[in-house]
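Asker: Per numbering that gives the first Met the number 0, the sequence shown starts with residue 0, numbered consecutively.
Possibly wrong hints are sitting among the right ones.
Stated by the list, open to error - Straight-line alpha carbon distances no greater than 27 angstroms define the calculated DSS-like cross-link-like pairs of lysine-lysine that follow:
#	residue 1	residue 2
1	LYS76	LYS209
2	LYS22	LYS1
3	LYS1	LYS79
4	LYS1	LYS76
Calculated directly from the structure, the hints in this document are not laboratory data.
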Amino acid sequence: MKQVLVIGSTVTDVIIHLEHLPKTGEDVHVIRQTMSLGGCAYNVSNMIRLFSVPYILFSPIGTGTYGHFVREALAQKGVKSPIPTPEQENGCCYCFVEASGERTFVCHRGAEYRFRPEWFDLPDTDAIDSVYICGLEIEERTGTHIVRFLEEHPDLRVYFAPGPRIQVLPPEILSRIFALSPVLHLNETEALEYTGRSSVEEAARVLYEKTRNVVIVTLGERGAYYRTEEKAAYVPGVRAEQTDTIGAGDSHIGTVISRLKQGASMEEAIADANRVAAAVVGSSGALLSEEAFQKLGFADAGTAGRSYK
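Input sequences plus hints: build the corresponding full structure.
Answerer: Right, here's the structure in full:
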């Protein structure tokens, strides 16, 4: 099985639990605070790792306190990015989690979002068949290096999860990515706001006309809606007691990528992704533990060995 190249950030998530976000001038107390590996690319790669699908985490890891935390935490998991350490501090993400489980991100951007063109000579593209990208890295001025790499390798299957950055990405950059016919992954709010449509079905149709490939719109506990050339359908969700929503979208697309690599149909892959995302929502933080993953019954989902890097 060929590898998935997971392009993007690995950061330190500083997860701060509080009763509610403060208003201007208000004092609130922190209930608890933890630090964890995070970042869209890392979250996606961790889910791919759990499914035993081979991958490369293609993520710059900078210097400083947060860079040291990331590097040490990855080493404990036996994961290393092939990108050399840039001379710039790594950033972090402050994740404020309210009692309702809703999360608010405040991102301090650093080396993890900025890519250099020479780095894209490092992966063996003959060993890769799929690539994941999100919107945060594309938004940076160095995001054009990522797009150019994909344009130079049109045989790679691209999974694009732009998140809310789809609203601010330059139209010319989006047009170049859409021209690559990526599998597009958005949540309901992102899809509706970007297209200006009032229904998920209409939004997915507009997006499909731009990419001519699969469009997946996640709907929280209601599941997901997808559109392909042959079919458009809802895939039911799974109820979960919400602890926090950190990483739910990343875990969803990571599962879709993994299950498709293992030969599942699109509908099967999305159904499995709905189950995984519900489990992530029901746990604290972005990452599903090995034990929680095994309880979902995916231990024998695929035949790939753990030959990840």
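Asker: Now, for every hint given, state plainly whether the structure supports it.
Answerer: Status of each hint after checking the structure:
In summary, the hint linking LYS76 to LYS209 is not supported, as the alpha carbons are separated by about 39 angstroms, beyond the 27 angstroms threshold. Between LYS22 and LYS1, the direct Cα distance comes to roughly 49 angstroms. Violation of the 27 angstroms bound is thereby established for this hinted pair. Straight-line distance between C-alpha atoms of LYS1 and LYS79 comes to about 18 angstroms, which keeps the hinted pair within the 27 angstroms bound. Only pairs whose Cα atoms come within 27 angstroms are accepted, and LYS1 paired with LYS76 is accepted, the gap being roughly 21 angstroms.
The structure shown violates the earlier hints numbered 1, 2.
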